[in-house]
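Starting from the structure of chain A, add chains B and C where the hints point.
One-letter residues, chain by chain:
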Amino acid sequence: MAFSTETWVQAASFLGAGFSVGFGAIGAALGEGYAAGNASRAIGKNPAMGGAILKNMLIGQAVAESAGIFALVIAMLLVFMDVQGAPMIEAWSLLASGLAMGLSAIGSGAGGGFPAAEACLGIADNPPTQNALTTNMLIGSAVCQTPAIFGMVVAFMLMFMDWSAQPLWPGWAAVMGAGLSVGLAAIGSGVGSGMPAGAATGGMARQPGAATTIRTNMLIGSAVSQTPAIFGMVVAFMLMFVDWNGTPAWPTWASLLGAGLATGLSAIGPGIGNGFTAQEASAGIARVPEASSTVTTTMLIGQTVAQSTVIYGFLVSLILMFIPRGASETMVAWAAPLSAGICMGFGGIGPGVGEGLAAAYTVNRIARNYEGVGVLLTRVMLVGQAVSESTGIYALIVSLLLLFVI
Amino acid sequence: MAIEGADLVRAAALMGAGIAMGLGAIGPGVGEGFAAGKACEAIGRNPKEAGLLTRTMLVGQAVSESTGIYSLVVALLLIFVV
Amino acid sequence: MRLEFNSETLIMSWLVMALIVAFGFLATRKLSFLPGGWQTMGEIMVGTFQGLVADALDERNRKYFPLVITVFLFIWLSNMLGVIPGLSEPTRDLNTPLAYGVLGFFIAHYAGIQTKGIKAYLSEYVQPMFFMAPLNIIGELSKVVSISFRLYGNIMGGSIIIMVVSDLVYSLVLPPALNAFFGLFVGTIQAFVFTMLTLVYISVQTK
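Protein chains in written order, with the working numbering: chain A, 1 to 406; chain B, 407 to 488; chain C, 489 to 695.
Don't take every hint at face value.
[What the hints assert, rightly or not] Heads up, simulated BS3-like pairs for lysine-lysine below, C-alpha to C-alpha not over 30 angstroms straight-line:
{"#": "1", "chain 1": "C", "residue 1": "Lys551", "chain 2": "C", "residue 2": "Lys607"}
{"#": "2", "chain 1": "C", "residue 1": "Lys695", "chain 2": "C", "residue 2": "Lys607"}
{"#": "3", "chain 1": "C", "residue 1": "Lys695", "chain 2": "C", "residue 2": "Lys604"}
{"#": "4", "chain 1": "A", "residue 1": "Lys45", "chain 2": "B", "residue 2": "Lys454"}
{"#": "5", "chain 1": "A", "residue 1": "Lys55", "chain 2": "B", "residue 2": "Lys454"}
{"#": "6", "chain 1": "C", "residue 1": "Lys551", "chain 2": "C", "residue 2": "Lys518"}
Hints listed in this document are in silico derivations from the structure and should not be mistaken for laboratory results.
Next comes chain A alone, as it looks inside the complex:
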């Protein structure tokens, strides 16, 4: 089938638009629905505050909507894009653009629902704090949108930059890997940024005096939760901006696609896990503001350890991208690097979530008893996290085997 380049590019842009708005609609609707449900619950608890709760719910939903709006914008731009004279690689970059935006909007949309829900519940429980709660909800929700913004930035770049300098093979894999890397990585971080925002807002309703302390901790926790998405974006940039001319087309395409998947997938787990930890830290500080520095320190330690699997994924991505492989057309030559990427990618999810949970429960107890068992708990947490890491390390080993021994 010999179609003109323009045909393929146009087809890809439509598919990309479909992916962008299709995936993008998931997260925002989930988050807004969660907020709406909890708003009903809140009104049931305190019908007199019905008007304030409703107003708060609408504002919170509007911010959570932003990720969906970004996805719609990218979809519209893709549908109406002028594809005259575009090189073939543009087809892949447009498809990747849609995936990048659509996937990254899932997490941020869903995460944005948590602060809105907690703000509504908080208004029902403690009406005088409503302005502080709305403000904190806005801040937390907005910070939660950051991973979707990373996705949007990469999507814009994929759409509008001139890709004719990159060779079609393996350039197509580079742009697809870039889109997948940032899109997938943003899923975990989006949800993981929304959870502490929710807990902080809920905590503020219970402990309005400690508002600043709670908010500071929320911001720190959210920022660290977003680091996996930053890894995804860094890999995406590398894939987009390195000149792949001169590398053998086959099997480098598998390496680049694998690189995108390795970081993108492995960032999901740590993003969510860090979210759990930050959520418990915010809730703990809200309960016991005096414990804030101990709790924050433990939270940071726990979160950093939980991020190890995304660092492994990043390492595998770097190896895949920058250690050259000889030209070879055998099936093994492409199966091995692609499999390495998939292996480390999926392998990073579980330990990320598990270690995050371990740190979350630890932080929870430390907040209740910060002068007593802090050091003991931290030690046990680190041991537990290390054991939980084991399968992640197995995945790393298998990936390295696939890369170097085969």
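Below, chains B and C without anything else, positioned relative to chain A:
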């Protein structure tokens, strides 16, 4: 099979429309269901407030619907306009 | 080197500036104990933002209050300009939100260095472990990206949606309703979010 280029573009547009609306229906479905469930729970606890709670539920569900409508708009665009 | 200017953005920005100056003039013209309309509006705004700034920043850094309220006024009025037919929002051009994001970034870090001293400021980048330094730096830079693109994405996105829908649907009701939603509602929220985030970034640096 002699497929024209224009056919491929049309096919891709239709695929995109399907993906857009298909995936786009997931989120609002789950989210609005959750909202409805919580509303019912709240009404069960506090039957006097049924009217207010139903209204709130509908408003919340309408906002949650908006991204589903975005997907619908893009799907219709892809089917009929391009 | 060629310098390109987006004349539409420049003209609209000057229009917003003129509006703010006019509002300031009207609100303070005859300051009286029982305020008239403009003065009341001014007082409400100043009061709200003074409260937010006092909450977030300590005594030494409350001098940034005028910056915070100016950022809010400029972005808020910019976002709303789009509702008036024939005018476009200066925030629709990526340069405007990016300029404010970079401004906020430099001010936050300057305030941080001023408050904590340069050693404490630099040592924050190697928390909690040494190899986190490049990540912390990228994290700070990404804050600029996120704050600017959030505003840009929401406003630009709104105007694209309005444009496309107005093109497709021959209706008298839908475009103005969309305009009202995106310009007034989303515009106000995003202006407030941008301002609060700038304020919060300053306060995080100075803690």
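Non-conforming hints, listed in increasing numerical order: Going through the list in order, the structure violates no hint and respects every one.
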